[in-house]
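Asker: Each chain, letter by letter, is given below.
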Amino acid sequence: MNAAWVILGLLTLAGAVCAMSLRNLVHCLLCLMASFLGLAGLYLALSATFVALTQVLVYLGAVSILIVFAILLTRGGATLGSGLTGTMSWTAGIGTALLVLGGLAGVVIWGPIAPTDAASDPTVRAIGERLMTAYVLPLEAMALLLTGALIGAVILAMPDREAAATRPEVREPPMANAGKPSVPGKDERGGEA
Amino acid sequence: MVEAADQVFVALKQTAVGWFPAAGQPWVSALLTVAAILVVFPLLFALTTVVERKLLGRIQNRYGPNRVGPWGFLQFAADGIKSLTKEDVVPAAADRVVHFLAPLAMLVPVVLAFAVLPVGRNMVACDLDVGVLFFFAVGAGSELAVFMAGWSSRNKYALLGAMRAIAQMISYEVPLILSSLGVIVVVGSLSPVAIVEAQNQYTGWVPHWHVFTPWGLAAFLVFVIAAAAESNRSPFDLPEGESELVAGYFTEYSGFKFAIFFLAEYLGMFAIAGMGITLFLGGWTAPASFLTWVPSWCWFFLKLGVWVLVLIWVRGTVPRLRVDQLMNLAWKFLLPLAFAAFVAAGLWLFLPTATVRWGIAALLVAVPYVLLARGLTGAARRGKRVYRWAE
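In the order they appear, the protein sequences are chains R and G.
For the first sequence, counting from 1, position 124 maps to 124 in our numbering; every step adds exactly one.
For the second sequence, counting from 1, position 231 maps to 231 in our numbering; every step adds exactly one.
The hints are simulated quantities; they were obtained by calculation from the structure and are not laboratory data.
Glycine included, C-beta positions come from ideal geometry on N, C-alpha and C.
Careful: at least some of the hints might be erroneous.
For each label pair, taking beta carbons as the anchor points, the in silico distance ranges come out as [unchecked claim]:
| hint | chain 1 | residue 1 | chain 2 | residue 2 | range |
| --- | --- | --- | --- | --- | --- |
| 1 | R | 125 | G | 73 | 46 to 52 Å |
| 2 | R | 2 | G | 81 | 39 to 45 Å |
| 3 | G | 28 | R | 148 | 53 to 59 Å |
| 4 | G | 174 | R | 135 | 22 to 28 Å |
| 5 | G | 66 | R | 24 | 47 to 53 Å |
| 6 | R | 129 | G | 362 | 56 to 62 Å |
| 7 | G | 305 | R | 129 | 36 to 42 Å |
| 8 | G | 28 | R | 2 | 20 to 26 Å |
Model the full assembly from the supplied sequences, consistent with the hints where possible.
Answerer: Below, the structure is given as structure tokens:
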């Protein structure tokens, strides 16, 4: 147990606690990201460099922005919700946490653990080779799922053509986009940004 | 002699480290490396601000700064002292903690990114096996910092600027990373040092830089455009758009916090240009085999200087894009072109003979380029150009 573990563990835990207990949604988001950063540091301390960097790239770079858009496009960050005050939510939360902890602990304690020899350093090359040979089917299934989600999101964001045909067009300025087919979804996105 | 000039900084550091007891040597070594990065690149930033203002002045037919020091080249010192002595105003409605943390959250990832850039032979702060991934991972952190700055200011211009910046950075990060993927596949490594080494060969006197291959040229063009957008440089400076948004996400910052945003923006530009140089322009390698006697770090900083000068030139001559044009360019042009370049790079690896792979890779890049460009500019523009007022 060295200093790095203690500091990173405290950062992760404090971030998680703040993310659950603060009132302002944007503050919660920032604390959650601090927690993820601590988690990435823990991976780094376990010399799983690739996992740590992917954690930063995906969670701090992409998921945080997704949550930002979700917060700002819905009710706004400054809403004062009731928070975790009801006994129901407390018991449900603790129950879920215990369930996850039990499941993970069970796998760690009783599951088959691959022999770890010091020579096998999990480099990116090794990870890539495993992903492309032994685990290619789960990878493809994941890709299919993500593609499906992407297409679904595009369909949800597409404006209803029949409804748009009955309405007179007002949004389009006369000179802009002359001769260019307007892209469904994209204009809205640009407008928000 | 040549070797000594090339390794002069490495030798200096080793001598300095040798003065300390063995127990402290790793710490001293790390500190010296960090200090070098923290001195060289901010100094480069200071010089760039002056050069940029003078060049923009020349492009716009005026003098630019010419009062402080010889030819105005000490202007950066005056600006620095001015911003240090200014009052630090925090808006009454602002979220004080986040408002304070945002400039730091902006600067730290940018400085971290320099850790993996090889600025010369044996001159890299941290030779990571996954250096390129590290670079893009820390770069992703600055988006959240931009949002923190814009949101905590409680100012609608700041928030609008932040949302624009985030949308732009997210969109252009995709072609940026995809364009560098081809290089990683061809070299077979994520380490910037290995990528530079792979380009350190010569056929005749022409170096094996990736930009001199068809797929590399296409990927390089995508990278340059996406890098300019990623560092919010003109013509992609909509997040600041001073005619619309005052100053974008750092509207409500004054004094030294404002200077930190400015510094972070320029350091980000240097870092991403340095990564582009490493990936496509051969890093610290010489542009011709008969020039290898020039120290390697000279080449890196020369290439960086040229890159920055081109960005300044573009800023002085190209008008700012509209938001929809910005998104169209990213998603309908750069992204498919980056995919085409990636496929061409993959084929390049497996096609044996030089002429066949040059032909196929060039075709795979040129055809999508023409088609995408036509699709982007639209069918309406394709006719004969008509001058409404000039005839």
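Asker: Do the beta carbons of residue 2 (chain R) and residue 81 (chain G) sit within 39 to 45 Å of each other?
Answerer: Check passed, 43 Å falls within 39 to 45 Å.
Asker: State, for the Cβ atoms of residue 28 (chain G) and residue 2 (chain R), whether the hinted interval 20 to 26 Å holds or is violated.
Answerer: holds (22 Å)
Asker: Is the distance from the Cβ of residue 125 (chain R) to the Cβ of residue 73 (chain G) consistent with 46 to 52 Å?
Answerer: holds (48 Å)
Asker: If you check the beta carbons of residue 66 (chain G) and residue 24 (chain R), does the distance land in 47 to 53 Å?
Answerer: For residue 66 (chain G) and residue 24 (chain R) the Cβ distance comes to about 49 Å; the hint holds.
Asker: Evaluate the given range 56 to 62 Å for the C-beta pair formed by residue 129 (chain R) and residue 362 (chain G).
Answerer: Check failed, 31 Å falls outside 56 to 62 Å.
Asker: 36 to 42 Å was suggested as the range; check whether the CB atoms of residue 305 (chain G) and residue 129 (chain R) agree with it.
Answerer: At 40 Å between Cβs, range holds.
Asker: In this structure, is the beta-carbon distance linking residue 28 (chain G) and residue 148 (chain R) contained in 53 to 59 Å?
Answerer: holds (55 Å)
Asker: Given the hint of 22 to 28 Å, check if residue 174 (chain G) and residue 135 (chain R) actually sit that far apart at their C-beta atoms.
Answerer: At roughly 25 Å between Cβ atoms, residue 135 (chain R) and residue 174 (chain G) fall inside 22 to 28 Å, so the hint holds.
Hint compliance for this structure: hint 6 is the single one not met.
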